[in-house]
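Protein chains in written order, with the numbering used here: chain B, -9 to 379; chain A, -9 to 379.
Warning: the hint list may mix true and false statements.
Which copy is meant is left open, so a pair is good if it fits within one copy or across any two.
[As the list claims (entries may be wrong)] In silico DSBU-like cross-links for lysine-lysine, where the CA-CA straight-line distance does not exceed 30 Å:
#, residue 1, residue 2
1, Lys379, Lys358
2, Lys18, Lys117
3, Lys18, Lys6
4, Lys248, Lys1
5, Lys72, Lys324
6, Lys322, Lys217
7, Lys149, Lys345
8, Lys198, Lys176
9, Lys379, Lys115
10, Lys40, Lys248
11, Lys217, Lys198
12, Lys120, Lys149
13, Lys198, Lys6
14, Lys329, Lys40
15, Lys248, Lys217
16, Lys369, Lys322
17, Lys149, Lys322
18, Lys313, Lys217
19, Lys117, Lys1
20, Lys115, Lys33
21, Lys322, Lys33
In short, the hints are calculated from the structure, not lab data.
Number of protein chains: 2
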Amino acid sequence: MNNFIYEIPTKIFFGKDQIQNLGAEISKYGKNVLLTYGGGSIKRSGLYEKVYAQAQTFNLNIFELGGIDPNPRISSVKEGAKICKENNIDVVLAVGGGSTIDCSKFICANALDEVEDPWDYFIGKAKVTKALPLITVLTIAAAGSEMNFGGVLTNEDLKLKLNTSNPILRPKASFLDPTLTYTVSKFQTACGAADIFSHLIEVYFNLKADFFMLRRINEALLKTVIKYGPIALDEPDNYEARANLMWSSSWAQNGFLKAGDAINWSCHPIEHELSAINDLTHGLGLAILTPKWMEYCLNNTTLPIYVELGVNVFDIDSSKDSKTIAYETIQKVKDFFYKDLGLSDSLSKVGIFEKDFETIARNACKGKTLNSFVPLDQKAIEDILMMCK
Amino acid sequence: MNNFIYEIPTKIFFGKDQIQNLGAEISKYGKNVLLTYGGGSIKRSGLYEKVYAQAQTFNLNIFELGGIDPNPRISSVKEGAKICKENNIDVVLAVGGGSTIDCSKFICANALDEVEDPWDYFIGKAKVTKALPLITVLTIAAAGSEMNFGGVLTNEDLKLKLNTSNPILRPKASFLDPTLTYTVSKFQTACGAADIFSHLIEVYFNLKADFFMLRRINEALLKTVIKYGPIALDEPDNYEARANLMWSSSWAQNGFLKAGDAINWSCHPIEHELSAINDLTHGLGLAILTPKWMEYCLNNTTLPIYVELGVNVFDIDSSKDSKTIAYETIQKVKDFFYKDLGLSDSLSKVGIFEKDFETIARNACKGKTLNSFVPLDQKAIEDILMMCK
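Next comes chain B alone, as it looks inside the complex (with noise of 0.2 Å):
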């Protein structure tokens, strides 16, 4: 068990109309709002409305920054940036999902220093040295960023994906309103689902099998999303599964369940590829890979984890071979994905073939050795691309 710092400040509104309490919480950071959004849901949804008689009511001034895209471009943070030094924005505020979020929370950085290209933090060319205070109002479940510190950007010109993180980037405040995700659709929702479980289970796989009490809590988290998942891509405004899952989403990613161990992600760097290429939604491309991923990480050294997780969260009987438990454990998560929440199964059902595969793996473990769960080299991820395939 490693040594570890818990600090999460972070301040969470959760609840039905909480953004009546939006107005008074911005007005401790200033007057002037830099409002990020992505594409125009918040506007079909009165979102915007409600965000604007908040400003009205706490005379703040809103500037603009929408069209921030699913998967963000940095181009989008350079944008962000300009308006808030032209502008003396003193906060900024983050309404949407991990992509409009993470975005966000680089322009609060870009905003306060002299570094011309964002893309630097990520290539570890600039550092992240302060940030103007990030207030999110979130309206899917599904990433976790509205209550960590790390970021995935998309640089649009050399198609890749990267992801990087500084504790000053953690949001001071933000407001879950589970009725603000009624209106996501099954599509999202059920992507979501994935990405909020794949979190999970990469911390899980990675995590010290000693410290037996994140690994039960954990396990809480995954049987939540496993049962609301369904019934929210069911029943869209069930106040019950929704709230659970944002509240899970959070707390899946929020850092609390590593306890300072550095997980060494596996999924989600490929998938980032993944999403680099085509534009591909995070969670199905993580819905695509996980078993598969699963699969090939399967032998006699690994095989204790997977029936750990058969038996406590899938209820799989735990006299059964230990192989035949892990068998069945991948073929749970496959349920769960591809029945439950009725995602592909295959790259090429999304418009990834073959012929990509080498560049993905590439860029995935950037040309060296993923020190992930099983590690993985350019070779072996090859390998669970055509599994995928």
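Go by the hints and put chain A onto chain B.
Then chain A, alone, in the frame of chain B:
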């Protein structure tokens, strides 16, 4: 599911030798430090010297208030606040368990106001409005005070024990080194585990059924205490056991599991009056009360929660009759307290007799009805005490 605000900014330094970061952390808040502690155990264990070594390295001026009682007295609060005022104390460093930390919270408050009798905070005659920063070094896994903002104090003149809370009393940072609990006695380790278990059970029985995620996490923590309590008794220096217990104690009672629901405590207010009468160790009183309280509250309405607990935490066969599961669940709880932890199972064994039951019950409910899981008036509490005699 209620709306709630989640905000737990306490910074946790978890692991072996984290004390080496203590001086730097204290220095963020100032130079003049009031060190509070209980009996002499921190001197016997060498922890006292380590604190002073840190103070020397970081040029801190340490003032001391030792001898804080296991059921801390309101007079200690007065004494501590006086030292703070006379010496321009910048920050309070509590080294100990829940008692020392609870007492220190109100020293932090009273140091900055003119409230003459800090008991007034507990009877609604005065309000906590500001407080010195508090840093803690935890030496026993039990109360959870290291990450929450409440405290229980004893008025030695009135023989009353009351609790109150205020967010500004939450520690700024807490140091959780599991090795510091190696020297906790078997009895105190058992009482600590009983305290954690009781916090979890009372929240579990009160939280609304629709917060599936938090119910599963509560079960994860219950399983952790049930597993590691007995191991810590048998192997006091088992790091895995001490670490899992320690981090569980914080999460059982830092507010996360309640999600804003006002938890209407049952066993806790009754136990406080037991401790007020004869200085009983809190966890022992809870161990005696909890199973009988569970028996008292079992009826057709409450039955499902016993079944949920029994099946999910104690792996009782779900195909059995519900009432059978409920009785087996209560028996499992008794087995945990009395067999696994070796605690006493009746009030007479700890020197509390029928003659005091009326007073205890009246003080516990303040002559009204506890609006608890099952509402408990004075008569009901007396009945429970009779079941415990």
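Original post:
How do Lys248 and Lys217 come out at 30 Å by Cα distance, when the copy is not named: within, between, both, or neither?
Top reply: Both, since 23 Å and 21 Å are each at most 30 Å.
**OP:** Give the relationship of Lys18 and Lys117 under a CA distance limit of 30 Å: within one copy only, between copies only, both, or neither.
**Re:** Both: 27 Å inside a chain and 24 Å across chains, each within 30 Å.
**OP:** Tell me, please, which holds for Lys120 and Lys149 at an alpha-carbon limit of 30 Å: within, between, both or neither?
**Re:** within (28 Å within a copy, 53 Å between copies)
**OP:** Check Lys149 against Lys345 for me: Cα-Cα at most 30 Å, and say if that holds within a copy, between copies, both or neither.
**Re:** within (16 Å within a copy, 80 Å between copies)
Original post:
Is it within, between, both or neither when you check Lys18 against Lys6 at 30 Å Cα-Cα?
Top reply: Intra 22 Å, inter 38 Å, cutoff 30 Å: intra-copy only.
**OP:** Classify it for me, Lys198 with Lys6: is the Cα-Cα distance of at most 30 Å met within a copy, between copies, both or neither?
**Re:** Only across copies: Lys198 and Lys6 sit 16 Å apart there, 38 Å inside one copy, limit 30 Å.
Original post:
Are the CA atoms of Lys198 and Lys176 at most 30 Å apart within a copy, between copies, both, or neither?
Top reply: between (35 Å within a copy, 28 Å between copies)
Original post:
At most 30 Å between C-alpha atoms: does Lys369 with Lys322 qualify within a copy, between copies, both, or neither?
Top reply: Close inside one copy (27 Å), not across copies (52 Å); limit 30 Å.
Subject >> Intra- versus inter-subunit Cα pairing at 30 Å for Lys72 with Lys324 >> reply: neither (45 Å within a copy, 65 Å between copies)
Original post:
Under a CA distance limit of 30 Å, which applies to Lys149 and Lys322: within one copy, between copies, both, or neither?
Top reply: neither (34 Å within a copy, 58 Å between copies)
**OP:** At 30 Å max between alpha carbons, let me know whether Lys117 reaches Lys1 within a copy, between copies, both or neither.
**Re:** both (26 Å within a copy, 24 Å between copies)
Subject >> Identical-chain pair category, Lys115 with Lys33, by Cα at 30 Å >> reply: neither (38 Å within a copy, 50 Å between copies)
Hint compliance for this structure: hints 5, 9, 14, 17, 20, 21 are broken, all remaining hints hold.
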